[in-house]
Amino acid sequence: MDRKEKIIAIIPALKEEGKIGTVVSRLKKEAADFIDEILVVDDGSKDNTASEAENQGAMVISHEHNRGVGSAIRTGIDYALENKYDIAVIMGGDNQDNPREIKRVVYPILHDHFDFVQGSRYMAGGERVNIPLFRWITTGVYSLLFKIIVRFPISDGTNGFRAFKLRIFSNKEINIWQKWLDRYELEPYLFYKAIKSNLKVTEAPVTKSYPTGDIGYTKMIPILDWWRIIRPIFLLKLKLKK
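Counting from 1, one number per residue, gives the positions in the sequence shown under the numbering used here.
Rather than coming from a laboratory, the hints here were simulated on the basis of the structure.
Treat the hints loosely; a few may be bogus.
Said to hold, decoys possible - Straight-line Cα separation of at most 20 Å, DMTMM-like style, residue types lysine to aspartate or glutamate; simulated pairs: (1) K103 - E37; (2) K241 - D225; (3) K103 - E82; (4) K103 - D115; (5) K237 - E173; (6) K6 - D47; (7) K200 - D115; (8) K4 - D47; (9) K4 - E17; (10) K103 - D86; (11) K4 - E54; (12) K28 - E5; (13) K179 - E54; (14) K46 - D112; (15) K84 - E37; (16) K4 - E64; (17) K19 - E5; (18) K46 - D2.
Keep in mind that this is a model prediction, so the values were computed, not measured.
Produce the complete structure using the sequences and hints provided.
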């Protein structure tokens, strides 16, 4: 595929030994036309996450201690900006996202002039494989709440699979370098700010595949981490945070 834009895949990872190698390998095989570099940000894992990713050919930056997924994404964005990438794709290190679908989130940026593309497992063409009932309910309720508060027609507010132009960070209204965004707050903050800053935002259908059974599909701490996801939209709406 001919393109002039430099694209990086940023993968925040915590204790993904046994999965991250597969993710990197699949990216290299299935998304080579759309990705120039794969960056894994190991957020303080005590297992072999970092070495497994390196062995498959990824660039790896390791946090000495666990800082949170928001901090890991920020580290990746800092690297992308320093190395003059044009577009970043964010996806999970748990092998729940399909690397072949990177073209779905990148295409609207490359060809339709969008600034931010949110992956959606719920819109037409999206899929949810083995999704636990609790996750289906909570993500659905959150997305409805987000849509009402932000007043923007979205179907999936919590999907971590997304792409965006890196020049959006030249907008002074978008400041991801705030300490309160270190954990799960950063992703909803960024989505909210992209919309409210009048960037061109859209969704693209993607697949989210969960492991069978209820074990191992999330590292979230019940209640606490859901509050971390929910609170940015209220804090920003009430202008208690910027």
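Given hint D2 paired with K46 - CA-CA distance at most 20 Å: Distance ~40 Å between K46 and D2 Cα, so the pair is violated.
Restraint status (C-alpha distance of K103 to E82 at most 20 Å): Outside the cut-off at roughly 24 Å; violated.
Agreement of K4 and E64 with the hint, judged by alpha carbon distance not exceeding 20 Å: 35 Å, violated
Pairwise hint evaluation, E54 against K179, where the allowed Cα distance is 20 Å at most: 29 Å, violated
Given hint E5 paired with K19 - CA-CA distance at most 20 Å: Violated, because 29 Å separates the two Cα atoms, which is more than 20 Å.
20 Å Cα cutoff - pair K4, D47: 37 Å, violated
Pair hint K103 and D86, alpha-carbon separation not exceeding 20 Å: Given pair K103, D86 holds - Cα atoms ~15 Å apart, limit 20 Å.
Restraint status (C-alpha distance of K241 to D225 at most 20 Å): Holds. K241 to D225 sits at ~18 Å (cutoff 20 Å).
Satisfaction of hint between E5 and K28, Cα-Cα up to 20 Å: Judged against 20 Å, a Cα distance of about 18 Å means the pair holds.
20 Å Cα cutoff - pair K84, E37: Holds, at about 12 Å.
20 Å Cα cutoff - pair K6, D47: Between K6 and D47 the Cα gap is close to 31 Å, so the pair fails against 20 Å, i.e. violated.
Proposed proximity, E17 with K4 (alpha carbon, max 20 Å): Measuring from Cα to Cα gives roughly 34 Å; hence the hint is violated.
This entry does not satisfy hints 3, 6, 8, 9, 11, 13, 14, 16, 17 and 18, going by the numbered hints stated previously.
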